[in-house]
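So the chains spell out like this:
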Amino acid sequence: MVNATAIKEIANYLVAGEVEKREVKKVTAHLKPDLTVEEGYRIQEEIVTMKLAEGRKIVGPKMGLTSQAKMQQMNVDEPIYGYVFDYMLIDNGGKVSLSDLIHPKVEAEIAFIIGEDIEGPGVTGAQVLAKTESVLPALEIIDSRYENFNFTLPDVVADNASTSRVVFGTTVKSPEQFELDVVGATLSINGEIKELGAGAAVLGHPANAIAMLANMLARKGDKVRKGDVILSGALTGAVLLEKDDVVVGKFDGLGEVSFTVTD
Amino acid sequence: MATEVTTKRKQLAEQLLQAETTLVGTLPLTAADPDLTVEEAYAIQLDNINRKVAQGKTIVGKKIGLTSKAMQDLLGVNEPDYGHLLDGMVVENGNVVPKQKVLQPKVEGEIAFVLKKELKGPNVTTLDVLQATDYILPAIEVVDSRVRDWKIQLPDTIADNASSAFYVLGGKPTRIEDVNLELLGMVLTKNGQLVNTGVGAAALGNPAQCVAWLANRLADFDISLQAGEVILSGALSAAVDANEGDTFTVKFAHLGEVSVHF
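Protein sequences, first through last, are from chains A and B.
Using our numbering, the first residue of the first sequence is number 1376, and each one after it goes up by one.
Using our numbering, the first residue of the second sequence is number 616, and each one after it goes up by one.
Excised from the complex, chain A in its bound form (with noise of 0.2 Å):
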């Protein structure tokens, strides 16, 4: 077991790296080479109460390891969460500046806004559609703070989940509106398709995601929020973002989100 310093320890390390912008050593390298994946949710959650301290507003949870490829890669069965706060947000159409980042990497994927508190555990992805007020194309940006985006399952969980920018559309549908599981979103830099992808890419159904999360935080006595704004998963592969990169993810139905990349 670790105790509560030595977590307050790592988090301010994790933190330091985002804030200096800088990559640091994975947690599992020297600080603490058998970290478990609660202990990496323990650390993640004094992230998060650091930021609150600040005065940082949460938007809502985000989940990560959602799909098949990145799953065994990671020897995992379940996917990860994380939170996005109201600094992270790029308007759309606007800017990402990679001053402000270590390595970004964008992917696309859908947003649920969720109008009814959704409490595990035994959640199915069909409850969470009913308890979902709208859905929005989004592009989140991955930034691990951890060198090489190298890092072991309780790194990236302390890590929250290398949470670091994200741009939501302006459009919001009704979820009834959709098949979501074969929503087709094409990923484009400079006019160039880069990655694609369907809804079922996000664990069968992207609303599978926002179930498994409502079950995962039901185990520490949490839930998933009215009005939590949630990403739920990459429908494509993450591409490294270079300056001038004009990025541009279109999905079917939903609309499209775009920024651009500056130094």
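Honestly, the hints are just simulated from the structure, not real lab data.
Predicted model, so just to flag it, every value in this text is computed and none were measured.
Glycine included, C-beta positions come from ideal geometry on N, C-alpha and C.
Do not rely on the hints blindly, as some may be mistaken.
Ranges of calculated distance between the beta carbons of each label pair, as one might list FRET restraints [as the list claims (entries may be wrong)]:
id, chain 1, residue 1, chain 2, residue 2, range
1, A, Gly1566, B, Asp749, 30 to 36 Å
2, A, Gly1469, B, Asp837, 52 to 58 Å
3, A, Glu1395, B, Arg790, 52 to 58 Å
4, A, Asp1619, B, Gln746, 33 to 39 Å
5, A, Gly1469, B, Pro788, 38 to 44 Å
Given the coordinates of chain A, work out where chain B should sit on it, guided by the hints.
Here is chain B on its own, set in the frame of chain A:
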């Protein structure tokens, strides 16, 4: 010289037919003949198609292959290829692909175009294709190679009718104006488990663009696409190995589902 070429072509065409009939994969044609060109390979394909037509088969459409960047990179090419669809290749939605008719089958999800008017290249544009299309359908293509272990180079697969075997059409006929082809999503499941997802843009950016490519490429052989022809426009996700007992279902946005059993 001309006789020599003809003899070579006949031999290679025969070699492929033999493999198809006996279900014993052949060595790559390019192993015996490293200089085999793409144009010669199309001539071999056409020889075998003409032979089958002479035996009573009917050409019902075309298929486009190598439409994804991943497949083109794998074979080191920068254009797609095509093959012919014959009446015997159709499997009804939900039905079985007979084991004794395939060697090493793989499954892909695609969008099928049915034309309402002739498309004759050159200079066919994507817009021409949209105007000439009667409707689209969700499709499963069962590809198979008569070349042992799929050890194919571009001329091998072209001569082998672009590795065509069977195709299944399903769902409901949908007007092209009711969908955004580029963003049309699909999910492929095998025995109920998700295998991969895809989007229309996976086929050269837009499946209609693939059909335009086909019409223009066929013009080199003085062939046009006819009203009523079925055109499989190219895989939207990676091909998946099919084994005895497997059931594959492809679900498309807006178009419905199509499935096949092995």
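Hints, one by one, checked against the model:
{"no.": "1", "hint": "A:Gly1566 to B:Asp749: 30 to 36 Å", "result": "holds (31 Å)"}
{"no.": "2", "hint": "A:Gly1469 to B:Asp837: 52 to 58 Å", "result": "holds (53 Å)"}
{"no.": "3", "hint": "A:Glu1395 to B:Arg790: 52 to 58 Å", "result": "holds (56 Å)"}
{"no.": "4", "hint": "A:Asp1619 to B:Gln746: 33 to 39 Å", "result": "holds (38 Å)"}
{"no.": "5", "hint": "A:Gly1469 to B:Pro788: 38 to 44 Å", "result": "holds (42 Å)"}
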